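K.L.:
As a plain string of letters, each chain reads:
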Amino acid sequence: MIPAAFEYHTPGSIKEATALLARLGEDAKVLSGGQSLIPLMKLRLSSPRHVVDINGIEGLDGVREADGFLRIGALTRESDLEASDLVRTRYPLLYDTCKVIADPLVRNLATVGGNLAHADPANDHPATMLALGAEVIAVGTKGERKIPIGSFFTGPFATALSPDEILVEIRIPASTARSGGAYLKLERKVGDFATAAVAAHVVLSAGGTCDQVGIGLTNVGLTPIKATQAEAALKGKRPDAAAIKQASELAAAAAQPSDDLRGSAEYKKDLVRVLTARALRRAVERAEGRK
Amino acid sequence: MRIQLSVNGEKHEADVEPRLLLVHLLRENLRLTGTHIGCDTTHCGACTVLLEGRAVKSCTVFAVQANGKQLMTVEGLEQNGNLHPLQAGFMAEHGLQCGYCTPGMLMTSYAFLQKNPKPSEDDIRWAISGNLCRCTGYVNIVKAVQHAAAALAQGGK
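For the record, the sequence lines run as chains A and B.
Take 641 as the starting number for the first sequence in this note's numbering and just add one per residue.
Take 118 as the starting number for the second sequence in this note's numbering and just add one per residue.
To be clear, the hints were calculated from the coordinates, so they are not data collected in a lab.
Fair warning: this is a prediction, and the values are worked out from it, not measured in the lab.
Hints may be right or wrong, so weigh each one.
So, partial list: chain B residues that the calculated Cβ filter (under 10 Å) puts toward chain A [what the hints assert, rightly or not]:
#	residue
1	T159
2	L168
3	R171
4	C176
5	V181
6	N184
Residues of chain B placed beyond 12 Å of chain A at every Cβ, according to the derived structure [to be verified]:
#	residue
7	L147
8	T165
9	F179
10	K235
Each residue gets a CB set at the ideal place from its N, CA and C atoms; glycine is no exception.
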């Protein structure tokens, strides 16, 4: 399969890239890892007239903790996230997620920034970032701005980024004591999108109640879903069986799946209930240091 | 667009359309037909090559993205008439039936053993989970990789 012809641009700086994007407008697509964009172009579901390859821009990759955040450069490859000791030891939810995205070869190129900016409701990082309360740093011709992840996904494959903006960094509140998370994904085989997946994040108080709760849902709606009612129901409570059951039922109610080859809507809703309960239990175990 | 790249240590130049896929550059322009096109949809891994040391699916990379980069294909494994221990392992353990997936399996395993020279069976299965074998010959593929890991540990190259 051969993509439609396009003009290829390789800006050397963010300034050059944003100026180019401002000039080209909707005719341009940003190329990062290319593991979603290139397949779409080969299927001619997307035929941009210009492709702006940002891989030559220095300083857009890497993972580090600074200023109270885990800061992930937009061009960080999923396999680098997977190989990071920092991520493995302190951010179990992120670690769970980057291990189940596509397959190891795709993860060698696929980027965290691309996984978010592509805004496919079937992608895995959106739910994770919703659960973790991340913020996205975007740079455009008018400068830099922070976008809370909760207002980043505006529709199917649509984000709050304007055509001249590039997602440059993702910031996640730094891991604290008694915090934990888990990502559970049911997929038919390695490399498939989720039938459904759930990201859960909790921070426990000294007394054992939930100070913070984050729950994100993958591939059960037109956009990634933050299960806010489920989060609110668990917040302030002890995460016992009854509270987790209630939260998981509310998460299932928040899911808006459709019937497809991966299963019926009814099945997927129930899957969200089961996965939410399991993810919350594992998140709590990890927060308590039991697992 | 004019691009320069190094493939298996040899420098190449080509004048390509930006939409040309890396796998087509390798097979059609450079005539390195060891790299196979399987599914052409980023699933099967038959087209796996190393780009700057990382195993990637060359059907999902534009040739222009490889400008100035180092590549390695299956043709780069054998040195001076000697098979690489992975190739020898695939022969010894019957790690191939029809052979279509083999170049991709070899390149993925090559990159993997460099990072993890003493893998468990689970590690190997995890590493090749992006490479499909339609003959379902995974048991012997895993044995072949173990064979190579053992040979490399004893000083094979």
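K.L.:
Would you mind marking each hint as holding or not holding in the structure?
P.N.:
Going through the hints against the structure:
Because the smallest distance between the Cβ of T159 of chain B and any Cβ of chain A comes to about 5 Å, under 10 Å, the interface hint for this residue holds. Interface restraint check for L168 of chain B: the shortest CB-CB distance to chain A comes to about 8 Å, inside 10 Å, so the restraint holds. Residue-level restraint check for R171 of chain B holds (minimum Cβ-Cβ distance to chain A is 4 Å; threshold 10 Å). The interface hint given for C176 of chain B is met, as the beta carbon of that residue sits about 8 Å from the closest beta carbon of chain A, less than 10 Å.
With a least beta-carbon distance of about 5 Å to chain A, the hint placing V181 of chain B at the interface is held under the 10 Å criterion. Because the closest C-beta pair between N184 of chain B and chain A is about 8 Å apart, less than 10 Å, the hint holds. Under the 12 Å C-beta cut-off, the non-interface status given to L147 of chain B relative to chain A holds; the minimum distance is some 18 Å. The claim that T165 of chain B is not at the interface with chain A is violated, since a C-beta of that chain comes within 12 Å of its own (minimum 6 Å).
Under the 12 Å C-beta cut-off, the non-interface status given to F179 of chain B relative to chain A is violated; the minimum distance is some 7 Å. Annotated as non-interface, K235 of chain B keeps its C-beta farther than 12 Å from every C-beta of chain A; the closest such distance is 17 Å.
In summary, the structure is inconsistent with hints 8, 9 from the numbered list given earlier, while agreeing with the others.
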